[in-house]
Every structure is written in C-alpha cells, then in structure tokens.
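Use the sequences and the hints to build the structure in full.
There are 2 protein chains.
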Amino acid sequence: MKNVNIRALARELNLSLSTVSKALRDSYEISAATKERVRALAAEWNYIPNAYASSLRGRKSKNIAVVLPEVADSFFSIAINGIEAAVKAKGYHVIIYLTHESYAGEAAILKDIQSGRVDGVLLSVSRETTDTAHVQELMDKDVPVVFFDRVLETLAAPKIVTDDAESAYKATAHLIAQGCREIAYLGISDSLSICRQRMAGYMQALGDHQLPVHQRNMLTCTTDGARNFQLVKKLLQRTHRPDGIVASVEKLTTTVYQACRQLQLRMPEDVKLTCFSNLEIATILQPSLTTITQPAFEMGKAAAEVLVKMLEKKPLTAKDIRIVIPSELVVRESSSRQHK
Amino acid sequence: MKNVNIRALARELNLSLSTVSKALRDSYEISAATKERVRALAAEWNYIPNAYASSLRGRKSKNIAVVLPEVADSFFSIAINGIEAAVKAKGYHVIIYLTHESYAGEAAILKDIQSGRVDGVLLSVSRETTDTAHVQELMDKDVPVVFFDRVLETLAAPKIVTDDAESAYKATAHLIAQGCREIAYLGISDSLSICRQRMAGYMQALGDHQLPVHQRNMLTCTTDGARNFQLVKKLLQRTHRPDGIVASVEKLTTTVYQACRQLQLRMPEDVKLTCFSNLEIATILQPSLTTITQPAFEMGKAAAEVLVKMLEKKPLTAKDIRIVIPSELVVRESSSRQHK
DNA sequence: CTGAAAGCGCTAACAC
DNA sequence: GTGTTAGCGCTTTCAG
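The listed protein sequences derive, respectively, from chains A and B. Under this note's numbering, the first residue of the first sequence is numbered 9, with each subsequent residue one higher. Under this note's numbering, the first residue of the second sequence is numbered 9, with each subsequent residue one higher.
These are calculated hints, taken from the structure and not from any lab test. These figures come from a predicted structure and were not determined experimentally. Hints may contain errors.
One copy or any two copies: either way a pair holds, since identical chains are not told apart in the list.
In silico EDC-like links for lysine to aspartate or glutamate, alpha-carbon gap of 20 Å or less [as the list claims (entries may be wrong)]:
| # | residue 1 | residue 2 |
| --- | --- | --- |
| 1 | K68 | D120 |
| 2 | K241 | E288 |
| 3 | K96 | D120 |
| 4 | K96 | E313 |
| 5 | K119 | E52 |
| 6 | K178 | D216 |
| 7 | K70 | E313 |
| 8 | K96 | E109 |
| 9 | K259 | E161 |
| 10 | K259 | E288 |
| 11 | K98 | D120 |
| 12 | K149 | E52 |
| 13 | K241 | E277 |
Structure (structure tokens):
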C-alpha cells in the first residue's frame with residue numbers, strides 16, 4: 009500500500025486519471041455515485057495527494073515563510089502563535105527562517121526563498137539590516153511580502169507594527185512623572201525601525217517636559233550579553249547616574265537587574281526601569297517589572313491575515329497597508345514605589 | 009526577467025535543457041567552457057531552481073517537520089535554534105507545526121505531513137498523547153521520525169532525551185538534604201514520558217531516603233493557568249503543607265512564586281523550590297530559582313543530526329538510537345538559604 | 001458524465 | 001560533450 013497516487017486509484021476503479029482527480033476535488037462534472045466510489049477507495053487506501061505535484065502544477069505551495077531574527081524571545085515566539093492561528097485554517101504551512109540578527113543571513117534566506125518554496129513571506133528584519141535590495145528583489149518576483157514589527161519603511165509592502173514612538177513616549181513620561189530627571193534609553197540598533205521610533209518617542213517626551221536630551225544617556229547594546237552588562241554597569245556608575253531607564257528590548261531586563269544588584273542600586277528608589285517585554289514572568293520579579301507589553305499574538309495574526317489576503321488575490325484596503333496595534337504600558341514596582 | 013527556468017537559459021545559450029541542467033550540477037560530462045557560460049548567464053539572470061520540480065522528480069523536499077506542543081516555551085524555542093543550527097548547513101528547511109498539547113491536533117498534523125511535504129520529522133509529543141498509531145502510520149510510509157524530549161517509548165524510532173529520572177532524583181535528594189520532609193511533585197500529564205520519568209526519580213529519591221510517598225503530594229497540572237494557581241495554592245494551604253516542591257515544567261514557576269507570595273510563605277525558609285526550566289531570567293528572581301536546566305540546544309541539535317543521518321541513508325549506530333544528554337541542577341536561593 | 005492528453009520545471013537514462 | 005526524451009503526480013482544457 010505504498011505510494012498511493014491518483015493513477016493507482018484510477019486503475020483499481022477502472023476510471024481515468026482525470027475522473028478521479030475531479031471526483032476528489034468535488035467537481036460538478038462528476039456523478040455522485042462515482043464521487044462516492046472514489047472517495048471510499050481513497051479513504052480506504054489512505055490516499056494523500058502529493059504536495060509537490062500540486063504545487064508544481066498550480067504554482068502555489070501552501071507554504072509561507074516567517075523570517076525572524078530569533079525565536080528564543082517571547083515577542084517572536086508569541087507572534088508565531090498568532091501567525092499559526094491565522095494560517096492554519098487556510099491550510100498554510102509555516103516555515104521558520106532565523107536570521108540571527110545578521111543581514112547576510114537574511115539576504116541568503118530571501119534568496120533561497122525565491123525557489124518558489126513559499127507563496128509569501130512574513131518578515132521582521134535583523135538589527136543589521138539597512139539595505140532594502142534583497143527584499144525588493146523578492147517583491148520584484150511577485151512574492152508577496154508583509155512586514156511585522158521591524159519594518160523597512162521605504163518599501164511598498166504592508167506593515168504591521170505597534171505604536172513604538174507613542175509607547176516609548178508614555179513610558180518616558182511616566183518615568184518623568186515619577187520624578188526621574190536623567191533618563192537613559194537602551195537600544196539595540198541605530199537603524200532598526202522600532203529602535204528609531206522608540207528613541208524618537210523617548211526624545212520627544214524629554215523635550216515636551218523641558219528635559220535635555222543627552223547623547224551619554226542613549227546606549228546601543230550589542231548581541232553580546234557580557235558586553236552589554238559592562239556597558240550598563242558603566243552607565244550606572246557615572247557621576248550623574250541615570251535615575252530612570254527605558255529599555256527597548258526584553259533581553260536587557262536581566263542585564264539591568266543584575267547590574268543594579270551588583271552596584272547595590274535599589275529599584276525603584278535609585279533607578280526606575282521600564283522595559284519593552286512580553287515576559288509573563290515580569291510580574292514575579294522583585295521589584296516586579298514595569299513593561300511595555302506588545303501585542304505579539306495580535307501582530308502575528310494580523311500580519312498573517314494580510315498575507316493570506318494577498319495570496320488569495322483579495323484586494324487590500326488602505327487599512328491593510330499599515331496596521332498599528334497599540335502596546336500597553338503596565339506599571340509595576342520597578343518604576344513606581346507606590347505600586348502595590 | 010520573470011520566471012527564469014532552465015528552458016529559458018538553454019534557449020538563450022543555444023544549448024539543450026539537459027546540458028544546462030548538467031552544467032549547473034557540475035557534471036563531469038560537460039566542458040569547462042560550457043559550464044562557465046551557463047553559470048555566467050544563470051548568475052546574470054538570477055536563476056533559481058524551482059524547488060517543487062526538483063522535489064517532485066527526486067522525491068525529496070529538503071524540508072523537515074518539527075512538531076512541537078508549543079513554541080512560547082524556552083525549552084522548545086532554544087531547541088529550535090539547535091535544530092536550525094544542525095540543519096542549515098545541509099540545506100534543509102524547518103517547518104514548524106504546533107500541536108498546542110492536543111492529541112487530535114498532533115494526529116492531524118502527522119496526517120498532513122504524509123503529503124510528502126517533508127523528508128523527515130522531529131517530534132515531541134503532546135501531553136495528551138498516549139496512542140502511537142498516528143506516528144506508526146507515518147513510519148510505515150517510510151518517513152523517518154526522530155523523537156526528542158517527549159518520546160513514545162514503544163516506537164522503534166531514535167530518541168533524544170535528557171536524564172529526566174536522574175535529574176528529578178538529584179533535585180529531590182537536594183531538597184531532602186536541605187531539610188525538606190514533605191516534598192510535592194508538580195507534573196503536567198500522567199502519561200508523558202518526561203513526567204513519568206521525573207516522577208519516578210522523585211519517588212525513588214523519597215524511597216531511598218526513607219520518606220513516604222504520598223499521593224496528596226503529587227499534582228497533575230492543567231493547561232489552564234488560573235486553575236493551576238488554585239491547585240498550587242490549595243496544596244500550600246494544607247495542614248501538613250509541603251516544605252519542598254519539584255516542579256516539572258517551566259510554566260509553573262510563575263504559579264508557585266505567586267502562590268507563595270499571596271500566602272506569605274517565604275522561599276526558601278517555608279518552602280523550597282526546584283524547577284525544570286531554561287529561563288535565563290531564573291537568576292534574577294528573588295529568591296533566584298534553583299533550576300534543572302535541560303540541554304535544549306544540544307538536544308535539538310542532536311535530534312536533527314540523527315534525522316539528517318537517516319535522510320542521507322547513513323547507517324545509524326547503536327548510539328544514535330537513544331541519546332541521553334544530562335541536565336544540570338543549578339542550585340540557587342529558592343532551595344538553599346546559604347546560597348549567596 | 002467521463003476520458004485523453006498536455007504540461008508545470010527538472011533530472012537522468014540513453015542516444016548521438 | 002551535447003542532445004533527446006521520458007516521466008515524477010497532478011490539474012485542466014478540450015473532446016467525446
């Protein structure tokens with residue numbers, strides 16, 4: 009019972025290939041009786057159509073690529089859930105590609121993707137990515153691309169983002185309201201859309217509250233955890249040490265907590281912290297962590313839905329071109345003493 | 009310049025299809041000069057072979073399926089990194105399937121996979137899975153399957169696991185050494201290989217230290233976080249409340265910390281906790297969390313390597329059939345007051 | 001209502 | 001060294 013294909017079914021039933029094929033696809037051309045016979049045997053023999061033959065013929069693979077910087081990060085892993093939720097019912101399969109935050113890796117992946125292996129791409133670019141040619145090339149081949157979270161603004165593809173600038177503004181304003189006057193911003197890239205936006209929101213908030221923007225308070229972290237730890241420690245050892253921190257990425261949570269502990273700085277008394285993070289565990293840290301929680305699941309879901317629309321050749325509305333799903337500032341103890 | 013295929017290249021170069029094909033695959037039959045011409049044009053036109061045509065022909069897709077309960081879990085997301093690392097160099101693509109801990113979902117996925125979409129499968133079964141027929145069916149179709157972490161012992165497929173029983177034993181013995189006499193075990197399934205093993209190790213340790221095994225101390229948690237919280241709280245409110253906990257799964261960390269806090273129980277003074285977890289953030293919890301850290305990356309990598317071996321028809325050695333990579337007990341404050 | 005045949009893009013016998 | 005051809009499994013005109 010190996011390799012059951014349409015030919016085998018046809019032979020067994022004394023029908024032609026095309027009749028069987030049509031019966032299986034429930035064509036109106038085929039009589040109910042024949043359909044029943046075909047379906048019965050197909051079920052009995054456990055016939056499963058060969059995905060590649062269909063793909064080759066129809067030039068659609070029912071695969072979508074999800075290109076991510078990394079997967080061991082709660083934002084991205086939750087986003088994958090959203091993507092999967094949106095896509096499963098439509099019969100699409102999710103191929104995960106990891107760039108490991110490398111531009112070269114990203115370019116290689118997008119190249120590989122041109123093999124027709126996938127029908128469309130969900131993309132969140134690496135922190136190194138500034139050039140857009142590799143994505144443009146894919147789009148030129150009519151492979152639908154939808155950006156989510158980390159976008160390339162100049163490209164004409166739908167973008168699903170959160171309100172990075174606004175939420176960084178809110179977080180910064182919150183720290184100011186809590187009495188901070190020397191607030192640091194920790195980014196992970198100077199080019200990345202989300203980091204620029206968040207930094208812009210941070211700077212705007214300082215400006216609106218008549219606080220100076222100091223270069224010394226804006227740190228760009230690396231992918232090297234140990235090095236980041238040194239950078240943050242140095243920041244917190246300065247004479248005019250920051251009394252507030254807006255960290256733009258989850259990975260830095262551990263770094264800041266450890267640095268504070270080593271330097272015997274108390275949170276929130278000496279330093280107040282807010283962090284872009286989706287870690288559920290934020291609530292049980294001590295102090296519990298004030299987070300800007302991104303709508304990871306919703307963003308993944310929305311991005312996948314727009315992509316599916318494109319794959320189904322449905323017209324995109326203006327709303328689909330840029331979807332902004334707000335993040336939520338959840339104030340906890342790390343930024344607010346009075347918080348219970 | 010759309011749809012560059014071999015035919016187009018052949019036409020342009022006044023060569024036949026097969027000559028071009030052979031040239032691109034660097035066949036010894038083709039002259040160096042021709043190869044050069046072909047390669048030059050292929051590069052210029054940015055020719056990328058159609059993955060489906062090759063797959064259909066050669067009956068290999070260069071895709072592997074990774075079937076997981078969930079992805080928003082540090083063990084699995086790190087394991088994906090290991091898988092990706094092992095597989096990327098070999099040119100394989102990773103398709104992620106999520107069962108969401110559902111047997112029905114798992115069975116549906118394995119069915120879908122029979123379409124030939126993938127060359128092999130890495131599988132970590134859902135907590136509901138007890139039946140093996142769905143996996144057996146796949147193996148009967150000669151789709152190579154490799155289990156990792158959560159295995160089905162009765163099936164004749166390679167298994168990559170950690171030393172669940174031993175590490176649970178170590179964790180339990182550690183708690184006993186710290187003075188615990190009423191130790192609870194929190195599982196998530198009565199059937200899952202890892203939970204049975206861990207529970208066995210726990211019971212063995214109790215026995216070896218002349219402590220009774222009480223049914224009341226063995227809790228099976230659900231997928232419902234709120235309900236788990238109630239269960240754990242109730243456990244900790246008992247007259248003879250446990251003074252130690254071995255939690256078999258990362259998700260329960262938050263639950264236990266919150267329950268302790270709400271009940272004003274101090275860790276480690278009132279309750280000592282060890283948890284199977286790969287959370288980096290464990291170090292900055294207060295108290296910092298004693299973990300049994302699983303070799304997630306290594307397990308994913310090893311599993312993928314064995315699968316690739318099978319796909320390449322290389323013989324498996326006895327060692328490949330069952331690989332056990334030890335976990336590490338990292339003692340921190342949640343189980344040991346004297347820990348700095 | 002059913003069947004014959006072409007063709008998706010590629011590879012590998014098998015000629016020449 | 002190069003070319004011709006068959007065929008992987010499926011879908012879809014187009015004929016009957």
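Structure-based check of all given hints:
no., hint, in the structure
1, K68 to D120, "both (16 Å within a copy, 17 Å between copies)"
2, K241 to E288, "between (26 Å within a copy, 19 Å between copies)"
3, K96 to D120, "between (24 Å within a copy, 12 Å between copies)"
4, K96 to E313, "within (11 Å within a copy, 28 Å between copies)"
5, K119 to E52, "between (42 Å within a copy, 14 Å between copies)"
6, K178 to D216, "within (12 Å within a copy, 57 Å between copies)"
7, K70 to E313, "within (14 Å within a copy, 27 Å between copies)"
8, K96 to E109, "between (27 Å within a copy, 16 Å between copies)"
9, K259 to E161, "neither (25 Å within a copy, 37 Å between copies)"
10, K259 to E288, "both (14 Å within a copy, 9 Å between copies)"
11, K98 to D120, "between (24 Å within a copy, 13 Å between copies)"
12, K149 to E52, "between (42 Å within a copy, 15 Å between copies)"
13, K241 to E277, "within (17 Å within a copy, 32 Å between copies)"
Hint check: a violation occurs at hint 9 only; the rest are consistent with the structure.
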